[in-house]
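Listed below are the residues making up each chain.
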Amino acid sequence: MIQLIELLAVISSATFGVLLARRSKLDFVGVFSLALMVAFGGGTLRDLFLDRHPLFWIKHAHYPVIVFVLALVTSFIPRLPASVSKVLYFPDALGLGLFSIVGADYALASGTSWFIAALLGVVTGTFGGVIGDVVCNEVPSLFRSAPLYATCSFVGCWLYILSEPIPISEPLRLVAAISAVVILRLSAIHWNIRLPEFQED
Amino acid sequence: MIQLIELLAVISSATFGVLLARRSKLDFVGVFSLALMVAFGGGTLRDLFLDRHPLFWIKHAHYPVIVFVLALVTSFIPRLPASVSKVLYFPDALGLGLFSIVGADYALASGTSWFIAALLGVVTGTFGGVIGDVVCNEVPSLFRSAPLYATCSFVGCWLYILSEPIPISEPLRLVAAISAVVILRLSAIHWNIRLPEFQED
Amino acid sequence: MIQLIELLAVISSATFGVLLARRSKLDFVGVFSLALMVAFGGGTLRDLFLDRHPLFWIKHAHYPVIVFVLALVTSFIPRLPASVSKVLYFPDALGLGLFSIVGADYALASGTSWFIAALLGVVTGTFGGVIGDVVCNEVPSLFRSAPLYATCSFVGCWLYILSEPIPISEPLRLVAAISAVVILRLSAIHWNIRLPEFQED
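Here the protein sequences come in this chain order: W, Y and P. For the first sequence, counting from 1, position 7 maps to 7 in the working numbering; every step adds exactly one. For the second sequence, counting from 1, position 35 maps to 35 in the working numbering; every step adds exactly one. For the third sequence, counting from 1, position 48 maps to 48 in the working numbering; every step adds exactly one.
Keep in mind the hints are simulated off the structure, nothing from the lab. Here a beta-carbon is modelled for each residue, glycine too, at the ideal position from N, C-alpha and C. Treat the hints with care, as some may be off.
Stated by the list, open to error - Facing chain P, a subset of chain Y residues (Cβ under 7 angstroms, in silico):
1. Phe28
2. Arg52
3. Val65
4. Val69
5. Leu108
6. Val135
7. Asn192
8. Leu195
9. Glu197
To be verified - Simulated coverage check for chain P against chain W, where a stretch passes if three residues somewhere in it have a Cβ under 8 angstroms from a Cβ of chain W:
10. 25-32
11. 54-67
Said to hold, decoys possible - Straight line, CA to CA, 30 angstroms or less: simulated DSS-like cross-link-like pairs of lysine-lysine:
12. Y:Lys59 / W:Lys59
13. W:Lys59 / P:Lys25
14. Y:Lys25 / P:Lys59
15. W:Lys25 / P:Lys25
16. Y:Lys25 / W:Lys25
17. P:Lys59 / Y:Lys59
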């Protein structure tokens, strides 16, 4: 089941990358590259920081192929319906949850402190999007005032880490933490919950 | 001979970095930094992704010195002739070919899948330029519609990978694949072959 | 004492990150992320390039916590006084000096050449700021004409490396090289010493 969710996460991240690239008027190489960066950027940083080799997309060698096919297939659709980005909210939230909790879990397994595990969870869940924004020459939307995103990931990672002593099965604990991230994220979008922006002159 | 081409590749990439930096009105530190990033960016990512240590420019410690001397010498030329970028097309295409095929070769040697080897070949051949563009605050020209660049690298890597069963000597196979990239790239420039750009609103 | 200066270096880099983020009108997630990148960016690159694991901020797990508290505490100050950036010149120069010399020292210990040790010293001392600028969508100020910054780091690293045969104690040699960077940097600010900018059309 985790494998299935991870696959969904890769697919939805890659789709976001495709949409971002097409908004920036890139060609196919740009669309494919951006889809790769958004889908694999966060996990690659996590693997490099923790010295985990082979990197997850080199180990699961079919992931880049899936992204390639996705970029290729969507290329034949001249104009993506605007509703695509709305439909993607759910898989994106799922991806955020799964990548974050798996990231925190890998970090703990490498013997990091709790705080660092939570940080690496957030990096895994969110940095693909940051890289995509930076490459497309936009200030990352993650850092601007917008419905909570990194915060949902951070809170979910702490729930996962702190629930360790609770005597429930590991898979259940994983699913609970992922669900918490997803519910937080969907709530933040629905009620437009955001952090205040700093005003400086 | 490979060493000679690699040296040429480092020199021509670094020269591109110098030209890019001077167009962005940077000072000597900026010129040298950008030359380093363009010349070593792609190969560094490849080495980090494949966990190859020491990195190629730490191992071949004279490469950074060459880039330094190049940045220094060109600093005394107040205004580079516009024709420099035209003269550079050939060494740049050679660099693209060599870096790409060597990158794919290293990846295969590390036991990656074919598709990933081709991807890492493209990363090695092209990412120095992408990093240079991002740092100079431009949307990478690699991703926009322009004469084929990454595509030439990708095709050449596949030729190299798929020709493995053919009973010819390894050096010949290397040279053939590099030549294919160079010829593709020069043809793309000459006939202005490019991928279509996506139009989205 | 080195531990104390390193702590000061992390704190002052993080404070610069906070100021940069607030000028770019980011929210708390952005402020914290940028503070992390500016404080840890250079050292992380150095550790990845030299294959040093665990990364320094994973090993010294209290550093990210300090940055978090700093970002949190400054969030309650609605408007930071403009004089903060002036007061920061000294700890920033101290941070530049310490990070640079420690970086060069780590590189030498890994067996790199002198030139590469000096380069990695500069990367360690300056790249946090470069990453911060790139993320905030500005051409890195490091690369533009401004009072000498990377140059002070480079000179100090060479002083440290070349003074190795001099029969003085290692701590004294470290302190002398760090002081050289600090004095150079403060002099560059005071007398507005800068490299010329290239003019190209």
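Next on the checklist: Flag every earlier hint the structure violates by its number, smallest first.
Outcome noted: Hint check: 2, 4, 5, 7, 8, 9, 13, 14 fail, others pass.
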